[in-house]
Amino acid sequence: MPGKEREKDEIWKIRKLLSRPNYAVLKLLMEKSPRTTRELYQKLGGSFTRKTLIITLRDLSMQLNVLQPTHIRTDRGYGLGYILNPKLKEIIKSVEKFEKIVENLGEN
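For the sequence shown, our numbering assigns the number 1 to the initial residue and increments by one for each residue that follows.
Keep in mind that a hint or two might mislead.
What the hints assert, rightly or not - Per label pair, the in silico range of CB-to-CB distance: (1) 43 <-> 78: 15 to 23 Å; (2) 62 <-> 105: 20 to 28 Å; (3) 13 <-> 51: 21 to 29 Å; (4) 105 <-> 18: 32 to 40 Å; (5) 94 <-> 63: 36 to 44 Å; (6) 71 <-> 46: 22 to 30 Å.
Claimed, not checked - List of simulated lysine-lysine pairs, DSS-like, C-alpha gap at most 27 Å: (7) 51 <-> 97; (8) 27 <-> 43; (9) 51 <-> 27; (10) 27 <-> 16; (11) 89 <-> 27; (12) 51 <-> 100; (13) 100 <-> 89; (14) 8 <-> 43.
Just so you know, the hints here were simulated from the structure itself, not pulled from any lab data. For glycine and all other residues, C-beta sits at the position ideal for the given N, C-alpha and C.
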């Protein structure tokens, strides 16, 4: 019996984007884009399992449409890579800004 899907509210996509593995992939793509699948596995393999990363890339590209697959020239020919949907860059910057605001609330 598969796991029960949680009820979706108005901000379920944002919650999904901000999960630890999803956000880690998004941060890497904010630093440098495009990145190959192999690069993402190498950078994040110490923090997440390969299965988690595979599910993360699938969800981000197919379910949420925030990653766009692309071909990247490598030393062995062409490989599969991902670029960040340009519209999402501003959202990530806003989330980081909001995080700082929330952190500062606790200092007052």
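- Query: Does residue 43 lie within 27 Å of residue 8 when you go C-alpha to C-alpha?
  - Reply: 31 Å, violated
- When you check the alpha-carbon spacing of residue 89 and residue 27, does it fall within 27 Å? 10 Å, holds
- Task: Starting from the hint 22 to 30 Å, judge whether the C-beta atoms of residue 71 and residue 46 obey it.
- Result: About 27 Å separates the Cβ atoms of residue 71 and residue 46, which means 22 to 30 Å holds.
- Confirm or reject the claim that residue 105 and residue 18 have a C-beta distance inside 32 to 40 Å. Given a distance of about 18 Å, which is not inside 32 to 40 Å, the answer is violated.
- Query: Is it true that the C-beta distance of residue 43 to residue 78 lies inside 15 to 23 Å, as the hint says?
  - Reply: 20 Å, holds
- So the hint says 20 to 28 Å: do the beta-carbon atoms of residue 62 and residue 105 match that? 36 Å, violated
- Query: Is 36 to 44 Å a correct range for the gap between the Cβ atoms of residue 94 and residue 63?
  - Reply: 21 Å, violated
- Message: Against the 27 Å threshold, does the CA-CA distance of residue 27 and residue 43 hold or violate the hint?
- Response: OK: residue 27 and residue 43 at ~11 Å, within 27 Å.
- Restraint status (C-alpha distance of residue 100 to residue 89 at most 27 Å): 17 Å, holds
- Item | 27 Å Cα cutoff - pair residue 51, residue 27 | 19 Å, holds
- Hinted pair residue 51 and residue 100, Cα distance within 27 Å: Status violated; Cα separation ~32 Å.
- Message: Hinted pair, alpha-carbon criterion (27 Å max): residue 27, residue 16. Please report holds or violated.
- Response: 15 Å, holds
The structure fails hints 2, 4, 5, 7, 12 and 14 (numbered hints given earlier, in ascending order).
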